[in-house]
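S.K.: Listed in order, the protein sequences are those of chains A and B.
The first sequence begins at 1 in our numbering and counts up one residue at a time.
The second sequence begins at 1 in our numbering and counts up one residue at a time.
Honestly, the hints are just simulated from the structure, not real lab data.
Just so it is clear, CB atoms sit at the ideal spot from N, CA and C, and this is done for glycine as well.
Any given hint might turn out to be false.
Some chain A residues judged to face chain B by a derived CB distance under 7 Å, without partners named [stated by the list, open to error]:
| id | residue |
| --- | --- |
| 1 | P11 |
| 2 | P16 |
| 3 | Q56 |
| 4 | L104 |
| 5 | I202 |
| 6 | A211 |
| 7 | G214 |
Derived SDA-like pairs (lysine to any residue); straight-line CA-CA distance at most 20 Å [said to hold, decoys possible]:
| id | chain 1 | residue 1 | chain 2 | residue 2 |
| --- | --- | --- | --- | --- |
| 8 | B | K63 | A | T296 |
| 9 | B | K145 | A | P3 |
| 10 | B | K145 | A | W9 |
| 11 | B | K70 | A | L291 |
| 12 | B | K70 | A | D213 |
| 13 | B | K145 | A | F4 |
| 14 | B | K145 | A | D213 |
| 15 | B | K70 | A | P3 |
| 16 | B | K145 | A | P6 |
| 17 | B | K63 | A | D213 |
| 18 | B | K70 | A | P67 |
| 19 | B | K145 | A | L291 |
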Amino acid sequence: MTPFDPARWRPAPFLPRSDVRDGALTFVIAVLCFLACLTALGAVASDRAARGWTAQLAGSATVVVHPRPGETPDSAAARAAEALSSVAGVTEAAALEKEKAEALIAPWLDDPRVLADLPVPRLVTVELDRRAPASTEAMTAALKAQGLDATVDDHSSWMKEIKAAAGLTRWAAFGVFLLIAMATAAAIAFATRAGLAARRDIVEVLHLSGATDGFIARMFQVRFARMAALGGLAGAAGAAAFGATLRLIGGGEGLTPVLPVAWSDLSLTLACPIAAAGVAALAARRTAVALIGELT
Amino acid sequence: MSRNAETQGASDTAEEPILRFDQVSMRYGRQPEVLTDVSFALRPGSFHFVTGASGAGKSSLLKLIYLAAKPSSGLIHLFGEDLSRTPAARLPLLRRRIGVVFQDFRLLDHLSAFDNVAVPLRIASQRPSDYRADVAELLGWVGLKAKMQALPPTLAGGEKQRLAIARAVVARPDLLLADEPTGNVDHQMALRIYRLFVELNRLGTTVVIATHDQDLVARSGQPVMHLEGGRLSFPSAPRSRP
Ligand SMILES: Nc1ncnc2c1ncn2[C@@H]1O[C@H](COP(=O)(O)OP(=O)(O)OP(=O)(O)O)[C@@H](O)[C@H]1O
Ligand SMILES: [Mg+2]
Numbered sequence: 001m002t003p004f005d006p007a008r009w010r011p012a013p014f015l016p017r018s019d020v021r022d023g024a025l026t027f028v029i030a031v032l033c034f035l036a037c038l039t040a041l042g043a044v045a046s047d048r049a050a051r052g053w054t055a056q057l058a059g060s061a062t063v064v065v066h067p068r069p070g071e072t073p074d075s076a077a078a079r080a081a082e083a084l085s086s087v088a089g090v091t092e093a094a095a096l097e098k099e100k101a102e103a104l105i106a107p108w109l110d111d112p113r114v115l116a117d118l119p120v121p122r123l124v125t126v127e128l129d130r131r132a133p134a135s136t137e138a139m140t141a142a143l144k145a146q147g148l149d150a151t152v153d154d155h156s157s158w159m160k161e162i163k164a165a166a167g168l169t170r171w172a173a174f175g176v177f178l179l180i181a182m183a184t185a186a187a188i189a190f191a192t193r194a195g196l197a198a199r200r201d202i203v204e205v206l207h208l209s210g211a212t213d214g215f216i217a218r219m220f221q222v223r224f225a226r227m228a229a230l231g232g233l234a235g236a237a238g239a240a241a242f243g244a245t246l247r248l249i250g251g252g253e254g255l256t257p258v259l260p261v262a263w264s265d266l267s268l269t270l271a272c273p274i275a276a277a278g279v280a281a282l283a284a285r286r287t288a289v290a291l292i293g294e295l296t
Numbered sequence: 001m002s003r004n005a006e007t008q009g010a011s012d013t014a015e016e017p018i019l020r021f022d023q024v025s026m027r028y029g030r031q032p033e034v035l036t037d038v039s040f041a042l043r044p045g046s047f048h049f050v051t052g053a054s055g056a057g058k059s060s061l062l063k064l065i066y067l068a069a070k071p072s073s074g075l076i077h078l079f080g081e082d083l084s085r086t087p088a089a090r091l092p093l094l095r096r097r098i099g100v101v102f103q104d105f106r107l108l109d110h111l112s113a114f115d116n117v118a119v120p121l122r123i124a125s126q127r128p129s130d131y132r133a134d135v136a137e138l139l140g141w142v143g144l145k146a147k148m149q150a151l152p153p154t155l156a157g158g159e160k161q162r163l164a165i166a167r168a169v170v171a172r173p174d175l176l177l178a179d180e181p182t183g184n185v186d187h188q189m190a191l192r193i194y195r196l197f198v199e200l201n202r203l204g205t206t207v208v209i210a211t212h213d214q215d216l217v218a219r220s221g222q223p224v225m226h227l228e229g230g231r232l233s234f235p236s237a238p239r240s241r242p
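Same shape as in the complex, but just chain B (with noise of 0.2 Å):
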């Protein structure tokens, strides 16, 4: 597997990586360590699930790659730059190159489908007259063709996830984080979402996906970043082999 993450020898390769963790830690406060002595480095264009039990880290490793937490220790490069040196006046237009797909969504109730697809678009100055046939248009391609002046609150779980992955993608992230984007919804919708991102994907995203859903890991024979204690571990054989 080609698209691997790379635990040592991260400088081996030819190819800058997109993200590279050294040696990162991780803490609420004064609490314990939630994340111990993470290292890895992500190509661009690679696919990677994040594994773990409940409360293992998933979304507290998430949450440092989308800069909504600062690491205790440790570095981050992100798309080439050290965080720990990077002015806090720059980390918007970092945020702009990343979509996220919160494990709540984060839909905002009081605007439509539509509106809420172009809230990356605006912050980003973009001009409606620009993007609007885009936002259209990706509305179709994740169903919600007839409900794009529906108010989040009135959509199905399934409905609300696609349209949160609408914004995460619409402005065309470098990377894609997605927390449980398939927490709540049937076997069936959990594999039309998994589709919708190796087409991003396949299109030059890096997807990093933090699941639970051991099942869909396993069919999907992507590779795996595996947290346990706030550790990290890389599973070498992806389970879907007999």
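Okay, chain A solo, but in the shape it has when bound (with noise of 0.2 Å):
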């Protein structure tokens, strides 16, 4: 063993290097980032997924064409396009051909041979333009004046309850990571306490030689953002990756359609280590400012 130098002596951390409890709290904190980066995905990707299923729906109508007495089906539908078509805001309308519209029942009936008896009505799909799209209204008249039996549907209440539901779904995941962020702090505070309580005889020598409140806190405070950090960052990775698979294995369609995972989104990620940190540093500040106080 070499002499001890003075010269080159370095100041020790006042508290001890490694605690056997960090390992098991640092565990708990990349399981509940972990949680909360997946909550965060998941609504990012719902969120995308009702955007696109809504502009789906914007973008088109259905008409249902009942034929009068006197009339096939078929031309009454081949009219129904027509007259839809010279609608300002229509880009396309056509008659949907009677296999397509029976294939369309077909499923919900036991035996398809009923279906020739079944006055099936023609269906009119509308392409409308996205930017002017006609109004229910004005396709309505269109078809009056034709004098034709027609209803008109522009999917405005399926839009609603998708955005209803998209809606649900963002403030689900807000609350979700609220309680997430509260469980993380509380997991911190209790550590911050447990950890104070098996180094009372390093914060009481520290205090009693004159250490500000705010000095011991502090040290306290980094350990316990340093370890959120690195919790954090070991959860926000797994659920990176577990995003990533998703990502492959939907590729563009699969999985994709229900949850559009993009790569951008996994960026989003980052953030879970730094909010990690800060709320330990919060949580293990109020904790140890609050015990410190009871010294003296």
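Join these two chains into a complex; the hints should help.
M.R.: Okay, structure coming up:
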């Protein structure tokens, strides 16, 4: 052993470098951050899916044509398509062929032969101009002018439901996020309390040697912030890997139409370690200052 | 003995006392008082022993002085400040002017002897380059030159005691308090430690030592404050006289 050279001495940290508890706490924070990141990814993806669906629905309308007595369903549908084509804001209107219309109903019937006896209504699919879509009223008026009995569905009730569902998802994700942040703060506060109790000897000696409450609190603050950042990084990396797997498995189709994950979404997870460190620092400081304040 | 504690008439002295108790009482929680109506004043640069049976309140008295407890009634003036009016934010600054040798040492077991001694200097935000040499010299002075890297649990009782003393004096406190600093060592070591305190006192530090060691008190000839049942008295003549 070389003799000790005071000139080379560097101050050692007041808190012991490692505590047994630290590993477990880092794991808890990693799991919480993993869940938080998944929640965020899910929220972003479902928001994107909802926007995609409403965009598709907004660009089209469906018209159900009820043939009048004396007119074949085919001719009624053809006339309706023609009437609709000339409405401003309609880019394309086409009658759905009989087979396709029947195919839509067939799954709901036990015996496909019944179809022949059923007055299956004819559908006209309408593509709307995205920038200036034709209104339901304008289309209804054009149909009436041709003496056609038809109902126009511009999908607005569907869109309302999808939007409501998307909004609900957003709020739910936000709520879960808040809960996770609170759970993280509580875990840190608990650990700080335990850390202070376990290191009471150190805290007391520093306190009696004239250390300010802020100085002592900062030791715990720094320690728990670093630990949380580490746990947050691990959790975020796990979530990012999970998201990347979804994206790869999903590809263009697969899962993506339901939960379309974009590569750029994965950068969201980077905020997690920072947020975790912030929450941890705040919780540790609050707890430490309160406990040190009790000393004298 | 010019350095004696003053019972009454503290205000008569020209020099302002470094510490003054005015009818101070203290209790732990709702328990009966452990100190009752304690009054005294210490001049800067004085040296006093606090004696008394076990449980007489010696450690409690010191706790009041090193700001680890508050009196239940009465006034304490420390370094000329009325502690009842001192804002909490100032207390750390006052504590930095006091060195304490605790009855149970309170060394930090995970830190080397060198790091333990450096604690008060680090808290006072001094730069390592400014105090490294001082710490090493002080450790040599208390006979721990070869133990600078040792962890406290590996030290002998007397070594721990000297380490605790080194930490208490390293920041050159104005007031040094020692609680039973010779409690766990043999007679020879007790004398060595006592001489160390006298040396510091010569350099200007006010010293207060709580002890059971009647023999040491008698040999030293230093003034005594005696506690009995929580009350303070001042035996006038040191017992070293024949
Ligand atoms: N933290 C505490 N809580 C409650 N009572 C206490 C506490 N510390 C001391 N006491 C009580 O206060 C009284 C005085 O104790 P103190 O430690 O001041 O005595 P002492 O003179 O230092 O004794 P010793 O010589 O044994 O160290 C005792 O009756 C003790 O039981
Ligand atoms: Mg005691």
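S.K.: Hint by hint, say whether it matches the structure.
M.R.: Status of the hints after comparison with the structure:
{"no.": "1", "hint": "P11", "verdict": "holds, 6 Å"}
{"no.": "2", "hint": "P16", "verdict": "holds, 5 Å"}
{"no.": "3", "hint": "Q56", "verdict": "violated, 64 Å"}
{"no.": "4", "hint": "L104", "verdict": "violated, 76 Å"}
{"no.": "5", "hint": "I202", "verdict": "holds, 6 Å"}
{"no.": "6", "hint": "A211", "verdict": "holds, 5 Å"}
{"no.": "7", "hint": "G214", "verdict": "violated, 10 Å"}
{"no.": "8", "hint": "K63/B x T296/A", "verdict": "holds, 11 Å"}
{"no.": "9", "hint": "K145/B x P3/A", "verdict": "holds, 11 Å"}
{"no.": "10", "hint": "K145/B x W9/A", "verdict": "holds, 14 Å"}
{"no.": "11", "hint": "K70/B x L291/A", "verdict": "holds, 18 Å"}
{"no.": "12", "hint": "K70/B x D213/A", "verdict": "holds, 18 Å"}
{"no.": "13", "hint": "K145/B x F4/A", "verdict": "holds, 10 Å"}
{"no.": "14", "hint": "K145/B x D213/A", "verdict": "violated, 33 Å"}
{"no.": "15", "hint": "K70/B x P3/A", "verdict": "violated, 46 Å"}
{"no.": "16", "hint": "K145/B x P6/A", "verdict": "holds, 11 Å"}
{"no.": "17", "hint": "K63/B x D213/A", "verdict": "holds, 19 Å"}
{"no.": "18", "hint": "K70/B x P67/A", "verdict": "violated, 97 Å"}
{"no.": "19", "hint": "K145/B x L291/A", "verdict": "violated, 38 Å"}
Violated hints for the displayed structure, listed by number in ascending order: 3, 4, 7, 14, 15, 18, 19.
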